[in-house]
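> For reference, the chains in residue letters:
Number of protein chains: 2
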Amino acid sequence: MKTVHETTPKYFRIMQQIVAEIRCGGLVPGVQIPSENQLIERYKVSNTTARKVHQELEQAGWVTRIKGKGTYVRGSRVDRSVDRILGFTKNMIEAGRVPSTRLISAKLRRRNQTLSINSRRYILSGPVCEIQRLRLADGIAVMKETRYVSERLCPGIYKKDLEGSLYDIYEHDYGLQLMQVDQRLSSIIVNGEEIGFPGVEGRISAFCVEGVTSCAKELILDMEKSIYRGDMYHFSVRATR
Amino acid sequence: MKTVHETTPKYFRIMQQIVAEIRCGGLVPGVQIPSENQLIERYKVSNTTARKVHQELEQAGWVTRIKGKGTYVRGSRVDRSVDRILGFTKNMIEAGRVPSTRLISAKLRRRNQTLSINSRRYILSGPVCEIQRLRLADGIAVMKETRYVSERLCPGIYKKDLEGSLYDIYEHDYGLQLMQVDQRLSSIIVNGEEIGFPGVEGRISAFCVEGVTSCAKELILDMEKSIYRGDMYHFSVRATR
Chain A
1 MKTVHETTPK YFRIMQQIVA EIRCGGLVPG VQIPSENQLI ERYKVSNTTA
51 RKVHQELEQA GWVTRIKGKG TYVRGSRVDR SVDRILGFTK NMIEAGRVPS
101 TRLISAKLRR RNQTLSINSR RYILSGPVCE IQRLRLADGI AVMKETRYVS
151 ERLCPGIYKK DLEGSLYDIY EHDYGLQLMQ VDQRLSSIIV NGEEIGFPGV
201 EGRISAFCVE GVTSCAKELI LDMEKSIYRG DMYHFSVRAT R
Chain B
1001 MKTVHETTPK YFRIMQQIVA EIRCGGLVPG VQIPSENQLI ERYKVSNTTA
1051 RKVHQELEQA GWVTRIKGKG TYVRGSRVDR SVDRILGFTK NMIEAGRVPS
1101 TRLISAKLRR RNQTLSINSR RYILSGPVCE IQRLRLADGI AVMKETRYVS
1151 ERLCPGIYKK DLEGSLYDIY EHDYGLQLMQ VDQRLSSIIV NGEEIGFPGV
1201 EGRISAFCVE GVTSCAKELI LDMEKSIYRG DMYHFSVRAT R
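Protein chains in written order, with the working numbering: chain A, 1 to 241; chain B, 1001 to 1241.
Simulated from the structure, these hints should not be mistaken for laboratory data. There's no promise every hint is true.
As the list claims (entries may be wrong) - Simulated restraints, written as ranges between beta carbons of each label pair: (1) R1110/B with L103/A: 39 to 47 Å; (2) I1195/B with N47/A: 19 to 27 Å; (3) G1164/B with L219/A: 37 to 45 Å; (4) S1076/B with G196/A: 23 to 31 Å; (5) F12/A with R1110/B: 35 to 43 Å.
Unchecked claim - Partial selection, computed: residues in chain A whose CB lies under 10 Å from chain B: (6) G196; (7) V200; (8) I204.
Source: prediction; values computed, not measured. From the three backbone atoms N, C-alpha and C, an ideal C-beta is built for every residue, glycine too.
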């Protein structure tokens, strides 16, 4: 009779060891797991087995394979550095996720928009283009974004393809350089389905992010009011003297 | 018969005008309302009436009077700049609140502490002093703090008076200069009373803040894992190019 050890496929045992290392924190999100060649050498297995370890770990959601780069431990939440100017698209690529965007609406509004952050009041003069979008990571809705974009600085932006990076449109189509983003984060409780996160039933924690994006000469380019799913995001920041 | 206008006390009408300005956003949190002298001049009232306007606005929670400085519009939530090294005590004073601290426990622990922020793993070597405190603004519990402080860098810190600013103790008692704080914010749902916020019944939104404080030469001085009440705090941050 074979022992349990002998009947368990080799790839599965190696996989369990790597999962255990991730679970105990020995392998943290963002670091590479051993490459297929390293597995072959270390465990004396075939390249078929080594490849299967990587495939199975990816399917189980533990790692992300990035073509030509390697296989990285995946965090259960996406980390967003809030002290860098960093669009959703770029943030997701850095986190090893596949970003996509679903446009909900784009409307022209005459009125000014205002926002107060850290005792300072910002005014964005109308008309503005109000853009609502659902933003997805690996096909899962993680953020609902509302932006008010200056029609003066970006005339006709509502006619552009708005299912990609707005920051790219600002920079490439309008030649605007982003200089500063002032943000205010609140921790709130929302109803997932009411906000428009498909399949998210009941009340979940979320970040409400209000922001003001400025380009050169302190010109306000857009204002944001977005809801980030609390179960999908961390925000990180470094304070220095 | 007197009109309504005539029967309403003067101080009350002035107060209502200022409240209306705060409500519509004309006066934002952190700005000064007209001084008593300005009220006397503008509305042709006695200094008794002017003083009563300020007193009543403060009692109703609309403003905070800071001795020798002025009377400031109060935000319903405290704003915390997360891109500055800023202790609780200083943050509260800047926000026009009165900070206080209740020590829950201070214990010596032998084990190392670890924390992962933005794909980087930090290790604080034991022994550490684990300090639990409840932090209050104007007598209301707003934050429950747990800090693990290096016993190597701060020997005997558990014997100090821990109901004030830890940052002051680091700097004045141990001559350590704080250089960097790396923080990770999560949005979570907690049970107010279970966490230990007196009188906060049921589930509320909160920020979980995990942080690593370093002094010169990248030495880790402490690690933090605190719960900030979501209904009492905003976090603000500026991102620049």
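> Now, for every hint given, state plainly whether the structure supports it.
Right, here's what the structure says about each hint:
no.: 1; hint: R1110/B with L103/A: 39 to 47 Å; verdict: 56 Å, violated
no.: 2; hint: I1195/B with N47/A: 19 to 27 Å; verdict: 51 Å, violated
no.: 3; hint: G1164/B with L219/A: 37 to 45 Å; verdict: 44 Å, holds
no.: 4; hint: S1076/B with G196/A: 23 to 31 Å; verdict: 27 Å, holds
no.: 5; hint: F12/A with R1110/B: 35 to 43 Å; verdict: 37 Å, holds
no.: 6; hint: G196; verdict: 18 Å, violated
no.: 7; hint: V200; verdict: 14 Å, violated
no.: 8; hint: I204; verdict: 8 Å, holds
In this structure, the hints that do not hold are numbers 1, 2, 6 and 7, in rising order.
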